[in-house]
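Peer 1: What follows is each chain in one-letter form.
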Amino acid sequence: MNYPVWYLPEIGGGTLIALISIIHVFISHFAVGGGLYLVCAERKGLRKNDGAIIDFTRRHAKFFMLMTVVMGGITGVGIWFIIALVNPAATSILIHNFVFGWATEWVFFVVEIVAIFVYYYCFGSMDTRTHQIVGWIYFIAAWLSLFVINGIVGFMLTPGVWLADGDFWSGFFNPSFWPSLLFRTFVSLMLAGVYAFLTTAYLTDQRLKSVMTRFSAKWVLSSFLAAIPCGYWYLSTLPNQARSLAEGASPTVRIAMQYGLYTAVLMIAGTLILLLVKPAWHSRPVSFLVLASAFLFLGSFEWTREASRRPYVINEFIYSNSIVKMDLEKINRQGFLKSARWVSQRSTTEGNLLAAGRDIFMNQCYPCHTVGGINNDIAARTSFMDYPSLLNYIANIHEIRYFMPPFAGNETERKALAAYIMKGIHGKSVQFTEETPEAVEEKGKTLFETHCVLCHSEQLVKEKTASWDRKKIRWSLDNLNRLNSSMPDYTGTAEEKEQVADYIFSLQGGAR
Amino acid sequence: MNTLIPAPDAIPVSWGYFKFLLMLTFPLHLILMNSMLGSAAIALYACLKGDETSKRLAYELAKVIPFLIAFAVNLGVAALLFLQVLYGHFFYTSSIVMGAYWIAVIPLVLVAYYSAYLFDFKFSSLGKGAVALVSLSLFIFLGIAFLFSNNITFMLDPEAWNVYFAKPAGTSLNLGDPVLLPRYLHFIVGGIAVGGLFVALVGKMKRKMASDVRAAAENIGMKVFTFFTGVQVASGFWFLLSLPQDVIRLFTGGDALATLIFIAGFLLALVVLAAGISRKVYAIAVLVVPLVYIMSFMRDSVRSGYLKPHFSPESLQVLPQYSPMFLFFFVLVAGIAPVVWMLRKALGSLPQAEEER
Numbered sequence: 001m002n003y004p005v006w007y008l009p010e011i012g013g014g015t016l017i018a019l020i021s022i023i024h025v026f027i028s029h030f031a032v033g034g035g036l037y038l039v040c041a042e043r044k045g046l047r048k049n050d051g052a053i054i055d056f057t058r059r060h061a062k063f064f065m066l067m068t069v070v071m072g073g074i075t076g077v078g079i080w081f082i083i084a085l086v087n088p089a090a091t092s093i094l095i096h097n098f099v100f101g102w103a104t105e106w107v108f109f110v111v112e113i114v115a116i117f118v119y120y121y122c123f124g125s126m127d128t129r130t131h132q133i134v135g136w137i138y139f140i141a142a143w144l145s146l147f148v149i150n151g152i153v154g155f156m157l158t159p160g161v162w163l164a165d166g167d168f169w170s171g172f173f174n175p176s177f178w179p180s181l182l183f184r185t186f187v188s189l190m191l192a193g194v195y196a197f198l199t200t201a202y203l204t205d206q207r208l209k210s211v212m213t214r215f216s217a218k219w220v221l222s223s224f225l226a227a228i229p230c231g232y233w234y235l236s237t238l239p240n241q242a243r244s245l246a247e248g249a250s251p252t253v254r255i256a257m258q259y260g261l262y263t264a265v266l267m268i269a270g271t272l273i274l275l276l277v278k279p280a281w282h283s284r285p286v287s288f289l290v291l292a293s294a295f296l297f298l299g300s301f302e303w304t305r306e307a308s309r310r311p312y313v314i315n316e317f318i319y320s321n322s323i324v325k326m327d328l329e330k331i332n333r334q335g336f337l338k339s340a341r342w343v344s345q346r347s348t349t350e351g352n353l354l355a356a357g358r359d360i361f362m363n364q365c366y367p368c369h370t371v372g373g374i375n376n377d378i379a380a381r382t383s384f385m386d387y388p389s390l391l392n393y394i395a396n397i398h399e400i401r402y403f404m405p406p407f408a409g410n411e412t413e414r415k416a417l418a419a420y421i422m423k424g425i426h427g428k429s430v431q432f433t434e435e436t437p438e439a440v441e442e443k444g445k446t447l448f449e450t451h452c453v454l455c456h457s458e459q460l461v462k463e464k465t466a467s468w469d470r471k472k473i474r475w476s477l478d479n480l481n482r483l484n485s486s487m488p489d490y491t492g493t494a495e496e497k498e499q500v501a502d503y504i505f506s507l508q509g510g511a512r
Numbered sequence: 001m002n003t004l005i006p007a008p009d010a011i012p013v014s015w016g017y018f019k020f021l022l023m024l025t026f027p028l029h030l031i032l033m034n035s036m037l038g039s040a041a042i043a044l045y046a047c048l049k050g051d052e053t054s055k056r057l058a059y060e061l062a063k064v065i066p067f068l069i070a071f072a073v074n075l076g077v078a079a080l081l082f083l084q085v086l087y088g089h090f091f092y093t094s095s096i097v098m099g100a101y102w103i104a105v106i107p108l109v110l111v112a113y114y115s116a117y118l119f120d121f122k123f124s125s126l127g128k129g130a131v132a133l134v135s136l137s138l139f140i141f142l143g144i145a146f147l148f149s150n151n152i153t154f155m156l157d158p159e160a161w162n163v164y165f166a167k168p169a170g171t172s173l174n175l176g177d178p179v180l181l182p183r184y185l186h187f188i189v190g191g192i193a194v195g196g197l198f199v200a201l202v203g204k205m206k207r208k209m210a211s212d213v214r215a216a217a218e219n220i221g222m223k224v225f226t227f228f229t230g231v232q233v234a235s236g237f238w239f240l241l242s243l244p245q246d247v248i249r250l251f252t253g254g255d256a257l258a259t260l261i262f263i264a265g266f267l268l269a270l271v272v273l274a275a276g277i278s279r280k281v282y283a284i285a286v287l288v289v290p291l292v293y294i295m296s297f298m299r300d301s302v303r304s305g306y307l308k309p310h311f312s313p314e315s316l317q318v319l320p321q322y323s324p325m326f327l328f329f330f331v332l333v334a335g336i337a338p339v340v341w342m343l344r345k346a347l348g349s350l351p352q353a354e355e356e357r
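Going down the list, the protein sequences come from chains C and D.
Be aware that the first sequence starts at 1, since it is given in our numbering, and climbs by one per residue.
Be aware that the second sequence starts at 1, since it is given in our numbering, and climbs by one per residue.
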């Protein structure tokens with residue numbers, strides 16, 4: 001609202017952030033662990049006086065340099081570009097609070113690129129001791145980069161005491177700092193080995209291939225095993241709400257966790273055992289398989305971390321839609337359109353309901369919802385709602401779904417938003433149905449449609465409650481959250497609960 | 001007061017430190033960026049010319065371009081960081097107004113960067129492809145510079161931001177601004193001039209290059225430098241005169257410091273031009289660095305002039321916390337040591353590498 005919204009309705013800014021960050025995360029972690037891998041591989045070659053290993057290391061160093069300096073460096077800048085475009089308010093907070101953290105990280109970045117250039121271009125021409133020291137300098141600088149960035153990334157999810165004192169150090173050494181640092185360190189070592197599989201798969205010398213594959217496999221397996229407890233430690237430092245989100249309160253997060261984590265664990269462990277026992281089976285497809293599963297593993301971790309920050313960009317401070325939590329009350333009082341700078345409509349009138357609703361949608365919902373896109377399409381999400389049920393949903397959006405920010409604005413603005421989604425997007429009518437006598441009688445049905453079919457169909461409830469009696473149904477309405485942890489309790493009055501219970505009971509053909 | 005200008009965030013130390021750091025790093029970025037641009041342009045010329053010496057010169061340049069890109073980006077990151085601290089609320093907004101173009105900078109740099117590496121690593125086997133690759137890099141650099149000029153002129157002109165409402169997908173450019181073209185030209189022409197100087201320096205300093213290649217580098221580098229510096233002085237006046245009246249006035253006595261900088265810059269440019277005509281490579285190199293700094297100070301005055309009705313960094317709220325800054329200065333000094341050590345070791349061992357090949 002302070003900044004304009006870069007509006008790409010079918011794509012969504014979040015998708016673009018995800019795209020660039022995924023690439024960057026895989027490479028930047030590799031950039032850390034890969035440094036140590038190079039030093040260790042070179043040393044192995046020197047110790048055994050094995051020219052083939054040293055030659056392998058040199059070729060791997062070239063791949064490493066092209067990957068990290070070019071792809072890693074530029075996608076790193078890319079993250080800055082994209083978050084400033086999509087989330088300018090939060091980016092500005094990160095920059096202004098941590099400017100000297102970033103500046104310090106920049107120094108490490110300088111040392112890193114000088115070191116990797118010297119390491120690669122002087123491979124073989126420099127005396128081996130100096131060359132090894134250069135490799136170490138690279139690794140230490142890269143790890144220190146990770147150290148700094150880890151503090152700032154962690155701050156976004158667990159700002160901790162910073163919320164109260166605004167102090168650089170409280171934000172930096174936030175509650176998840178150490179577990180996250182350890183986790184990322186091990187993951188970066190793991191990725192170093194995984195990327196080396198790629199290079200070893202292309203080796204033609206069978207002896208060398210077997211030696212280096214074993215070497216890399218041990219590297220991957222041990223760091224992977226070490227990363228697991230750190231991951232758990234990390235999870236345990238998350239605040240309650242975030243943890244329950246990470247543990248699967250949102251259906252999509254749960255799916256991501258399941259698919260990502262388990263398949264990755266299985267594939268990595270399976271492939272590696274195979275490689276340790278029988279390195280000769282190593283081939284290009286195997287290396288890509290391992291690479292893909294390692295990506296899935298790290299990807300689902302990062303995705304879950306991102307998702308569990310919802311509805312905030314900086315936890316408990318600024319929402320994903322750039323509204324600062326503290327300002328919420330003021331915005332509700334004076335109206336969203338009057339508080340925002342970058343809206344085309346300054347207030348709601350009879351004539352501009354849809355235009356005003358679109359402004360509000362762009363600012364408050366578009367940060368996580370596309371219109372007609374693949375990712376969290378608002379049209380698909382609201383297809384089974386009508387105007388009254390959506391209006392009601394928006395009023396309680398944060399209570400129903402913790403991971404969505406509360407609606408910010410006044411009563412008419414809420415109507416404008418609902419009208420925009422219903423009429424502007426779906427082309428449905430935005431009239432309230434008349435409260436005819438039949439409608440009053442159908443109160444239970446209306447309530448059910450307003451409060452329950454948001455998340456599941458009537459059919460599902462019908463099937464699940466097929467064997468229940470009226471009493472159990474009535475009881476369940478007081479205990480929805482106990483039935484399913486992602487279902488909020490129903491907040492209706494006792495009378496309304498009776499009506500809903502009647503309605504559900506009638507679904508099975510039961511009499512009222 | 002323009003209601004579209006976002007409210008800025010508070011800064012942790014007095015604004016002067018950020019201004020200092022911005023004005024320290026930005027000219028370094030410019031020098032590297034210029035060297036990169038000029039080297040690519042001259043490498044293209046040499047490829048097209050095609051005689052044996054030119055080809056070897058192109059290869060020598062092919063080897064340095066990736067380094068120049070790496071450090072141009074690296075210093076650009078530093079400058080961008082400090083720019084965001086002081087002017088983020090303008091810069092983010094203008095970036096969003098042209099968002100679709102702005103994000104294109106990233107894939108474009110990637111393509112230019114990898115084609116520069118291909119141009120280097122595969123030089124001998126490229127044949128005609130060499131021209132294609134180095135042209136690709138060069139034209140991308142020119143395109144990126146155009147996008148930067150757009151963003152920076154947009155950033156200085158909040159009145160122009162209204163185009164957002166018609167195109168919220170960020171598909172606007174600042175083409176209506178009469179300053180855009182002269183400004184862009186001034187940066188490109190100056191960039192190629194400094195790039196020419198860089199190539200001449202490479203010729204002078206790289207002892208292990210064959211002497212005909214060295215002579216060719218110095219010769220063409222100096223020609224490019226002198227010619228483009230001449231054009232640059234002219235384009236500078238065009239740029240100056242295209243600025244809004246209030247901004248021009250700063251340099252014609254309205255602001256004592258700005259006027260002084262302007263006169264100093266103009267005189268220094270003439271000296272540099274004279275040195276170019278008499279081909280004093282080292283003397284020019286020594287003079288061009290302060291010249292680029294002076295020009296950056298002028299550029300900063302232009303920015304202040306534009307933003308004056310809306311904002312000045314002095315007005316930023318300070319929530320003081322100095323310890324992170326001291327840590328940064330400490331790390332900066334501590335970080336220089338290993339860099340110098342590694343570079344010395346590398347220079348000590350590189351010539352051998354050349355002989356082995």
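Accuracy of the hints is not assured; some may be wrong.
To be verified - Result set (DSBU-like, lysine-lysine): computed pairs, CA atoms no more than 30 Å apart in a straight line:
| no. | chain 1 | residue 1 | chain 2 | residue 2 |
| --- | --- | --- | --- | --- |
| 1 | C | 44 | D | 345 |
| 2 | C | 62 | D | 206 |
| 3 | D | 122 | C | 62 |
| 4 | D | 167 | C | 338 |
| 5 | C | 209 | D | 122 |
| 6 | D | 223 | C | 62 |
| 7 | D | 345 | C | 48 |
| 8 | D | 308 | C | 423 |
| 9 | D | 206 | C | 338 |
| 10 | D | 63 | C | 62 |
| 11 | D | 308 | C | 62 |
| 12 | D | 208 | C | 62 |
As the list claims (entries may be wrong) - Just so you have them, the derived chain C footprint on chain D, three or more residues with Cβ under 8 Å:
| no. | stretch |
| --- | --- |
| 13 | 67–79 |
| 14 | 105–113 |
| 15 | 168–181 |
| 16 | 204–217 |
| 17 | 269–278 |
| 18 | 311–324 |
Just so you know, the hints here were simulated from the structure itself, not pulled from any lab data.
Every residue gets a Cβ at the ideal spot worked out from N, C-alpha and C, and that includes glycine.
Peer 1: For every hint, state whether the structure bears it out.
Peer 2: Comparing the hints with the structure gives:
1. 44(C) / 345(D): holds (23 Å)
2. 62(C) / 206(D): holds (24 Å)
3. 122(D) / 62(C): The given pair, whose Cα atoms are some 14 Å apart, holds under the 30 Å limit.
4. 167(D) / 338(C): OK: residue 167(D) and residue 338(C) at ~22 Å, within 30 Å.
5. 209(C) / 122(D): The hint holds at about 26 Å.
6. 223(D) / 62(C): violated (36 Å)
7. 345(D) / 48(C): holds (26 Å)
8. 308(D) / 423(C): violated (45 Å)
9. 206(D) / 338(C): violated (64 Å)
10. 63(D) / 62(C): Judged against 30 Å, a Cα distance of about 15 Å means the pair holds.
11. 308(D) / 62(C): violated (49 Å)
12. 208(D) / 62(C): holds (24 Å)
13. 67–79: holds (count 8)
14. 105–113: Our answer is that it holds, as 5 residues pass the Cβ test (under 8 Å) against chain C, meeting three.
15. 168–181: holds (count 3)
16. 204–217: violated (count 0)
17. 269–278: Not satisfied, violated; 0 residues make the cut.
18. 311–324: holds (count 4)
The structure shown violates the earlier hints numbered 6, 8, 9, 11, 16, 17.
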